[in-house]
Each structure stands twice: as structure tokens, then as C-alpha cells.
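Trainee: With the sequences and hints as input, model every part of the structure.
Residues per chain are reported as follows:
2 protein chains.
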Amino acid sequence: MRARAPASAANLGPGFDVLAVALDLYVEVEVEPAPRLVVRSEGEGADLEEDDMHLAARVAIDVVGHDRLAVTVRSAIPVARGLGSSAALAVAAAAAAGSKDPLGVAARIDGHPENAAASVVGGLVAATLVRGAVRAVRMPLDGGLVFVAMVPERPLPTAKARQALPQEVSRTDATFNLGRLSLLLAGLADRSLMIREATEDRLHQDYRSPLFPEAPQLLARMVRAGALASCWSGAGPTLLGICDEEHGERVRAGAEQAMEEIGVPGRALLLRPDIEGLIVEGSY
Amino acid sequence: MRARAPASAANLGPGFDVLAVALDLYVEVEVEPAPRLVVRSEGEGADLEEDDMHLAARVAIDVVGHDRLAVTVRSAIPVARGLGSSAALAVAAAAAAGSKDPLGVAARIDGHPENAAASVVGGLVAATLVRGAVRAVRMPLDGGLVFVAMVPERPLPTAKARQALPQEVSRTDATFNLGRLSLLLAGLADRSLMIREATEDRLHQDYRSPLFPEAPQLLARMVRAGALASCWSGAGPTLLGICDEEHGERVRAGAEQAMEEIGVPGRALLLRPDIEGLIVEGSY
Numbered sequence: 001m002r003a004r005a006p007a008s009a010a011n012l013g014p015g016f017d018v019l020a021v022a023l024d025l026y027v028e029v030e031v032e033p034a035p036r037l038v039v040r041s042e043g044e045g046a047d048l049e050e051d052d053m054h055l056a057a058r059v060a061i062d063v064v065g066h067d068r069l070a071v072t073v074r075s076a077i078p079v080a081r082g083l084g085s086s087a088a089l090a091v092a093a094a095a096a097a098g099s100k101d102p103l104g105v106a107a108r109i110d111g112h113p114e115n116a117a118a119s120v121v122g123g124l125v126a127a128t129l130v131r132g133a134v135r136a137v138r139m140p141l142d143g144g145l146v147f148v149a150m151v152p153e154r155p156l157p158t159a160k161a162r163q164a165l166p167q168e169v170s171r172t173d174a175t176f177n178l179g180r181l182s183l184l185l186a187g188l189a190d191r192s193l194m195i196r197e198a199t200e201d202r203l204h205q206d207y208r209s210p211l212f213p214e215a216p217q218l219l220a221r222m223v224r225a226g227a228l229a230s231c232w233s234g235a236g237p238t239l240l241g242i243c244d245e246e247h248g249e250r251v252r253a254g255a256e257q258a259m260e261e262i263g264v265p266g267r268a269l270l271l272r273p274d275i276e277g278l279i280v281e282g283s284y
Numbered sequence: 001m002r003a004r005a006p007a008s009a010a011n012l013g014p015g016f017d018v019l020a021v022a023l024d025l026y027v028e029v030e031v032e033p034a035p036r037l038v039v040r041s042e043g044e045g046a047d048l049e050e051d052d053m054h055l056a057a058r059v060a061i062d063v064v065g066h067d068r069l070a071v072t073v074r075s076a077i078p079v080a081r082g083l084g085s086s087a088a089l090a091v092a093a094a095a096a097a098g099s100k101d102p103l104g105v106a107a108r109i110d111g112h113p114e115n116a117a118a119s120v121v122g123g124l125v126a127a128t129l130v131r132g133a134v135r136a137v138r139m140p141l142d143g144g145l146v147f148v149a150m151v152p153e154r155p156l157p158t159a160k161a162r163q164a165l166p167q168e169v170s171r172t173d174a175t176f177n178l179g180r181l182s183l184l185l186a187g188l189a190d191r192s193l194m195i196r197e198a199t200e201d202r203l204h205q206d207y208r209s210p211l212f213p214e215a216p217q218l219l220a221r222m223v224r225a226g227a228l229a230s231c232w233s234g235a236g237p238t239l240l241g242i243c244d245e246e247h248g249e250r251v252r253a254g255a256e257q258a259m260e261e262i263g264v265p266g267r268a269l270l271l272r273p274d275i276e277g278l279i280v281e282g283s284y
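As given, the protein sequences belong to chains A and B, one line each in that order. With this note's numbering applied, the first sequence covers 1 to 284. With this note's numbering applied, the second sequence covers 1 to 284.
By construction, these hints were calculated from the structure, which means they are not laboratory data. Any given hint might turn out to be false.
Pairs count within a copy or across copies, as identical chains cannot be separated in the list.
Listed below are the simulated SDA-like cross-link pairs for lysine to any residue, each with C-alpha atoms no more than 20 Å apart in a straight line [what the hints assert, rightly or not]:
hint, residue 1, residue 2
1, Lys100, Gly43
2, Lys100, Ile279
3, Lys160, Arg171
Mentor: Right, dumping it as C-alpha cells:
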């Protein structure tokens, strides 16, 4: 069986560990019966070790209950860049292995429920745990928004990015994020309401900047190039510009120029929201 | 000039200091020229001191710049119960005195921007400070929702309720509220998505319970009587049941019975969202 899942950008500033938007970069996973475990990987992530430690294999084995499987992965999602590659891979692998609950499987094994929810549902989603299970709800997303992803060459593993965060925050900062999250949701639903302050955050972005000192400057450059607002994508290092579609290409070019001028090698991608989410083809 | 503004319920669980919904209980303020300051007050709050310390008079004097005014207040909003009476009064007084920015005036003098925003805009609003000014955005609200307000006889001044709150919270709790706020906004936009967990909160409600020990039990009783979810209204002591309109009267009756059985004298009101917000009539 074969399944395809989109990349996703989580957090989006104030929506820390909750919000994610699916983007039109995809990973496809095929799972077939085989005499013994074979993992093939093409595209992004193909340089990772191709054995039973491969996430797609681990997920497929978990779902099927044995390892006599051929698992083929074709991915266009940069790995360890904050674009939800592992969540998308886990979702697609679970579905390709025949799981009826790819979101639950992916959240349990990979641990990023908001990314996994975006990869399953598509569009803009909020996901959070309710009585131990992931509850995902789709939130309205203006069809005229596009996203520019600045993808630095250097990876930034999520675990390291998370260690930078404080355990305690002030009530003022917690409340600040609630207000900004509301503004952000209003702006994502209707882009005429989007303001650059809607992506301001006090729970994670600033704490992560020491790991990526050029980030604040790059974020500001995207807004100067015409983005409505900008933020980290997931735990970074990818940075995201939220743009009116008519300014998308201009912001992408401006982002590429900014990376060059500031000395951060990488690429800038112009992405559209994916609204289909997980697609499963064929039968096992 | 005469102006009318609706009551409001703020916070709604996870939307601490951000979210508020306007409700169909009103205060009307009339401001007219007079040889010297005269304040008349009818209805709720009429027992408060009728002099220049009256909030409506302070606001009107601030707007007009002198105190040669006759200020008449007619209110159906219970005072110091968490139904935004002071914000509604300040908004209506500012408008009746001719202010072009009643939201700004009310937020500055009364200090509850989310309540004031709901009283001005109507419906469901999120309000937060952006560069020192209140920014209010309207959020979608399902037309089939009604609200049951359990209004205890005892007042609970906001300042006291706020002193009960901690200055620091865990990052986990801050993130918890972001997730619940998203679920709540989804459920308020489409009542078929409302679940009781959507009003769960870790920033204020539990800390306030010692001031009103019967609150958790009363909140649970509203859900048992058929409310989709329940929460504190503002800083309390009013408690709110969020209901499908077809179950509103049943929840109201259940709320009244619960107050009697648990020994909290008061009344239960069945309220609809106000969607008009501030209305100004006549000219000064």
C-alpha cells in the first residue's frame, strides 16, 4: 500500500506545540510484503541509515506486527529543518502499513502531534492532548496565503532546540501568547487582519535564538521584503514568511538575498498550504 | 447623547485576559449638559455612590473635559459579578459623552480591554495590547449557542480575585492553555466541535476556587444538566454554561436547582450573545 503526506510548519510563533499548517512538500511511503525487512529511501533523508532504525520501518513494523516488509520512502521534505519531516514520514508509513489511526500511531512513536495532525488533516490545524489522545481541529485558513520557507543548510535537531526552553514562564508571558495566538488565528482566517505582531511569541522563539543568532535579522528581512508576518517553523532552523500570494515570489527572492547577505547558506522555497492531508492509494 | 452597551463574559476558561463574548444584558448611559454634575442611576448598581466617583461620571468628565454634566445610568448588568458591568458602563459613558474611541477610553480608565472590546464590537472577540493600543478582532461564533449565567448573590471584586493568581506558571501549563484556547475557538465557531475539555484552564480558574469553593461542583452540574462546557465568567463569581440553544432552558433550570442544593443563593439567567455591540443614539 502507498500513502503520501505533506510537510508542515508548527508553532507559527505564538501557537507553541499546538498549531501547524500543512505545506505542499510531500513524502511518499510504500509498504509491501517481503521475505525480510528492506528499506529503500530516495530524495531528502536518503543519507540516513537504511535499517530497522529508520522511522518509516519502525512505524510500519509497529503497525503490522512483524518485519517482513519492503519499505520504500521518497521524500521532498528537508530533514531536521523544522518542516515536520519525521511526523509526515510516520503518518505516511502508518497509513501505508494499513493503520486505521495514523495520527495516533505517529504521535505515539514520533511525538509531534501538531505536525502529525497537519500531515493527516491538511490545512491549518490545532492539536492537543485530551484525556491522553490527540484531538485535532481544523481552523479556517485564508486561501490567498502562501508561505516562504527559508531553509538553512545547517540542521537543528528538535531535542537540542527544546533544551533551550525554560521550565517556568511568567503569567504575563503566558497571557501574551494567548492574545497573540488569537490575533494569529484571526489573521490566518482572513489575511486582511494579519499584522506582523500576530506572530510575536514569548514562550520559545527568543530562547531559541542563541542556537541560530541570525534568525531575528532574517525574520525581519522577510517582513521588509513584503511578508505579512514571519516566524520560526517548528523548532527551526527553517524560518517562515506568511505572505499574500501576490507577494510570495518577491518575498522568496528577498529571503534568498537576505540569506546570502547575512551569510546563512541555504535556499528559500515558495510553498502553498496543502489542503488534502494524507492520501492513501492501493491496498495492502 | 445616549448610548447602550452589552454585558460580557471574559476569559471563558483558557482565554485568560484575551477572550470575551457580549451578552444580551445592557447598560444605557445618557449624558447631557447641566449647570453642575448630576449622576442618576437606576437598576443594577443604583446603590453605588452617585457622585463624581461614579465610573460613568469619571469617564464622561474625562471625555468632555469638564463636569457640567447630567449623567443618567440605567443598568440590567449585575455589578461585581464578572459580567463586565464596569467595562460596559465605561464604553457606554464614553460614547454618550461623544468619544470617538470608546474602546480606548474604557480600556484606559476601567482597565479590562477584552470586556470593553466585546461591549463595543459585540459577539465573540479577542483583545490584546499591540504597541500600547487595544487591538480587538472578532472571532466566529456559532449562532446556535446560548449562555447560562449562574449569578451568585455574593460579589467577588476583580482585584481580590486577581491577587489569588501566581506570577509564574510552568511552560507546560502555558502550552496547555494555548491548546485549550484553540479547541475553544473551534467549538465556539462550530458548536458541533465543542467538548467540555475546551474550557479547561491552568492559568486562573483553579487558583480562584479557594475564593469560591463551590465553583467546581457548580461548573460540573451545568455540564451534567446539558451544557456543552462550563467556565468562570471573567473573575467570577458568575459561572457560565455554554449551551446548544435547544438545551438552554433545561441548563438554566438545572443551574438554579444546583445553586439551591449546594447552598449558593443567586439566580441563573439564560442569555444570548449580543451581536450589535455599542449603539449610540441622538446627538449631544
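Trainee: With 20 Å as the alpha-carbon cut-off, assign the pair Lys160 and Arg171 to within, between, both or neither.
Mentor: Between copies only: 17 Å across, 25 Å inside.
Trainee: At most 20 Å between C-alpha atoms: does Lys100 with Ile279 qualify within a copy, between copies, both, or neither?
Mentor: within (13 Å within a copy, 53 Å between copies)
Trainee: Under a CA distance limit of 20 Å, which applies to Lys100 and Gly43: within one copy, between copies, both, or neither?
Mentor: neither (27 Å within a copy, 59 Å between copies)
In this structure, only the earlier hint numbered 1 is contradicted, and the remaining ones agree with it.
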